[in-house]
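K.L.:
Sequence:
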Amino acid sequence: MLQYLRSSEADQTITPRDTLRVGSWLRCEKPSSEEIDTLLALGMDENIIKDALDPHEVPRIEFEDEWTYLIARLPDTDDDFNDFTTPILFGIHKNYVVTLSRDSLGRLWQPFVDKTRMNTARRIELVVAMIEAVSLQYQRRVATINRQMRAATDDLHTLRARDIVTLTEYERKLNDYLNALVPMNW
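Mapped onto our numbering, the consecutive letters of the sequence shown carry residue numbers 223 to 408.
Source of the hints: derived by calculation from the structure; they are not laboratory data.
Treat the hints loosely; a few may be bogus.
Stated by the list, open to error - Straight-line C-alpha distance at most 25 Å; calculated SDA-like pairs for lysine to any residue:
| hint | residue 1 | residue 2 |
| --- | --- | --- |
| 1 | K395 | I346 |
| 2 | K316 | A365 |
| 3 | K316 | H278 |
| 4 | K395 | P238 |
| 5 | K395 | Q361 |
| 6 | K272 | W289 |
| 7 | K252 | D233 |
| 8 | K316 | G245 |
| 9 | K395 | Y360 |
| 10 | K316 | K395 |
| 11 | K395 | V364 |
| 12 | K252 | A263 |
This one's a predicted model, so the numbers in the text were calculated from it and none came from an experiment.
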């Protein structure tokens, strides 16, 4: 899925557009080979694109030619059960911002588009707002896990084997989040 989004100083509502223009946000998820070709035609680095689509990629920032690449990890927004993290690439160019993910991020970006009022041509402000949206995803997920852990440990004197398994699963989720957040210094 490849989508062009744009807003302006006069109309700060982020809306889909038919073409990529200066000041746009290019949102790409679960890209086809043709969509990857579109990203390459914009001058994005092929290896960075491959890295962003690797489910095990670690967070980092790179600078190359006219691009700044930030690979981060975020809670998988389409999987409430597993709470794994998935990589996302923020590509910042002098003319636009690109987000790229191997997974669908509609549950992250649709509320962002619906609620955010800003000029997409202000690239750094846009990326900071996007990172804040990712941060809120982590806060919500950790709060949910915290509530679940408190419910599971309501009475420590009657813990059963399956309660220990549940707590271990919560620990795995939290460690996955920690491993994603520490390299990003968030």
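K.L.:
Would you mind confirming whether the straight-line C-alpha gap from K395 to P238 stays at or under 25 Å?
P.N.:
34 Å, violated
K.L.:
Is K272 within 25 Å of W289, Cα to Cα?
P.N.:
Judged against 25 Å, a Cα distance of about 16 Å means the pair holds.
K.L.:
Would you check the hint for K395 and Y360, treating anything up to 25 Å between C-alpha atoms as holding?
P.N.:
11 Å, holds
K.L.:
K316 and G245: Cα distance at most 25 Å?
P.N.:
Holds, at roughly 9 Å.
K.L.:
K395 and V364 were given as a pair; does the straight-line alpha-carbon distance stay at or below 25 Å?
P.N.:
Cα-Cα ~9 Å, so holds.
K.L.:
Between K395 and Q361, is the straight-line Cα distance small enough, at 25 Å or below?
P.N.:
13 Å, holds
K.L.:
Is K395 close enough to I346, meaning Cα to Cα at most 25 Å?
P.N.:
Given that 25 Å is the threshold and the Cα spacing comes to 30 Å, the pair is violated.
K.L.:
Between the alpha carbons of K316 and H278, is the straight-line distance 25 Å or under?
P.N.:
Violated. K316 to H278 sits at ~29 Å, over the 25 Å cutoff.
K.L.:
Can the restraint linking K316 and A365 be considered satisfied, given a maximum Cα separation of 25 Å?
P.N.:
37 Å, violated
K.L.:
Is the Cα-Cα distance between K316 and K395 25 Å or less?
P.N.:
37 Å, violated
K.L.:
Between K252 and D233, does the CA-CA distance stay at or below 25 Å?
P.N.:
Given pair K252, D233 is violated - Cα atoms ~29 Å apart, limit 25 Å.
K.L.:
Hint check: K252 vs A263, CA-CA at most 25 Å. Holds or violated?
P.N.:
18 Å, holds
The structure does not agree with the numbered hints 1, 2, 3, 4, 7, 10 stated previously, though it agrees with the rest.
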